Amino acid sequence: NAGVTQTPKFQVLKTGQSMTLQCAQDMNHEYMSWYRQDPGMGLRLIHYSVGAGITDQGEVPNGYNVSRSTTEDFPLRLLSAAPSQTSVYFCASSYSNRSPLHFGNGTRLTVT
Amino acid sequence: GIQVEQSPPDLILQEGANSTLRCNFSDSVNNLQWFHQNPWGQLINLFYIPSGTKQNGRLSATTVATERYSLLYISSSQTTDSGVYFCAVEGQGGSEKLVFGKGTKLTVNP
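One line per chain: the protein sequences are A and B, in this order. Everything in the first sequence is counted per our numbering, starting at 261 for the first residue and increasing by one. Everything in the second sequence is counted per our numbering, starting at 51 for the first residue and increasing by one.
Honestly, the hints are just simulated from the structure, not real lab data. Predicted, not measured: the structure shown is a model, and the values here were computed from it. Heads up, a few of these hints could be off.
Stated by the list, open to error - Subject to a maximum C-alpha distance of 20 Å in a straight line, what follows is the list of computed EDC-like cross-link-like pairs (lysine to aspartate or glutamate):
id : chain 1 : residue 1 : chain 2 : residue 2
1  : A       : Lys269    : A       : Asp333
2  : B       : Lys152    : B       : Asp131
3  : B       : Lys155    : B       : Asp60
4  : B       : Lys152    : B       : Asp60
5  : A       : Lys269    : A       : Asp298
6  : B       : Lys152    : A       : Glu319
7  : B       : Lys152    : A       : Asp298
8  : A       : Lys269    : A       : Glu332
9  : B       : Lys155    : A       : Asp298
Bound-form chain B, shown alone:
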């Protein structure tokens, strides 16, 4: 099945800094999504982005499907951005299964 690798595994920032999280995948994808799990355990969908670029406030994401990676950008980070960021993909084999990476744990210090 498709493999998903996220980097870095851990990231510590000062409030106001920018960051880039990366998601590499091993095969062509039909579906790619980014999620944020907050410190209380809630999983929030950030982007549905199998290709192209999207922006939502301070967050943006770019997926380069031909090169098999996606990037999540966080600008002017805030303490509320802390948590774990997951990338999830579905391969083009039509598996209907969304496979998650192990996540990037982000800590934003005041």
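One chain only, chain A, in its complex shape:
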């Protein structure tokens, strides 16, 4: 099993550009989520999904879109990047929302 795979590892964007952060898991997990990590802020939930076709907002959803068309994939879209979205982004998955959460290795995003 590869676990949770995130691509790319690093990305630099200009303000206003759009991009998609990819996340895939091969553990047949129903629950998937996206977090951002900023210095001194811990991890904050952006969006989550309890199964294919179902998504919901976390603490900091503004500026981000998600979709869950398959169990395996949960991409995060930045529609118009802003410097405030400079952060490290982590995707995570678990069998259910009441089971151990497994993280990908993160994507470091810089918006200039």
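Given the coordinates of chain A, assemble chain B onto it according to the supplied hints.
Chain B in isolation, oriented as in the chain A frame:
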């Protein structure tokens, strides 16, 4: 929403020492997990422990749900234990959202 506080924010130990990290939360929980973020940024799940006690090698965790806290014990610490330890909880309101504390940064010196 539920609040999570971790203490201490920073901890420096000599190799071989024991330590206790604390996680306080403001409401009843359905879900509580401990994670270790190593110096390379990887987040590793240590324990899923909404109540009771679990042990895994030199690490153990106890959650006293009725008193709204959890403790992570590290015994005979090693330099590889360095990093940031996070507690994350989901409140009993059925929010399906795991909320993280700000973490305890542990440095183990040789």
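Holds or violated: B:Lys155 and A:Asp298, Cα atoms, limit 20 Å. This hinted pair holds, its Cα atoms lying about 15 Å apart.
Can the restraint linking A:Lys269 and A:Asp333 be considered satisfied, given a maximum Cα separation of 20 Å? Holds - the C-alpha atoms of A:Asp333 and A:Lys269 are around 17 Å apart, at most 20 Å.
Given pair status - A:Asp298, B:Lys152, alpha carbons within 20 Å: With a Cα-Cα distance of about 10 Å, the restraint between B:Lys152 and A:Asp298 holds, given a limit of 20 Å.
Given the hinted pair B:Lys152 and A:Glu319, is their Cα-Cα distance within 20 Å? holds, 15 Å
Does the structure keep A:Lys269 and A:Asp298 at a Cα separation of 20 Å or less? Given that 20 Å is the threshold and the Cα spacing comes to 16 Å, the pair holds.
Taking 20 Å as the top limit, are the C-alpha atoms of B:Lys155 and B:Asp60 close enough? holds, 5 Å
Agreement of B:Lys152 and B:Asp60 with the hint, judged by alpha carbon distance not exceeding 20 Å: holds, 11 Å
A:Lys269 and A:Glu332 were given as a pair; does the straight-line alpha-carbon distance stay at or below 20 Å? holds, 19 Å
Between the alpha carbons of B:Lys152 and B:Asp131, is the straight-line distance 20 Å or under? holds, 18 Å
Checked against the numbered hints listed earlier, the structure breaks none of them; every hint is satisfied.
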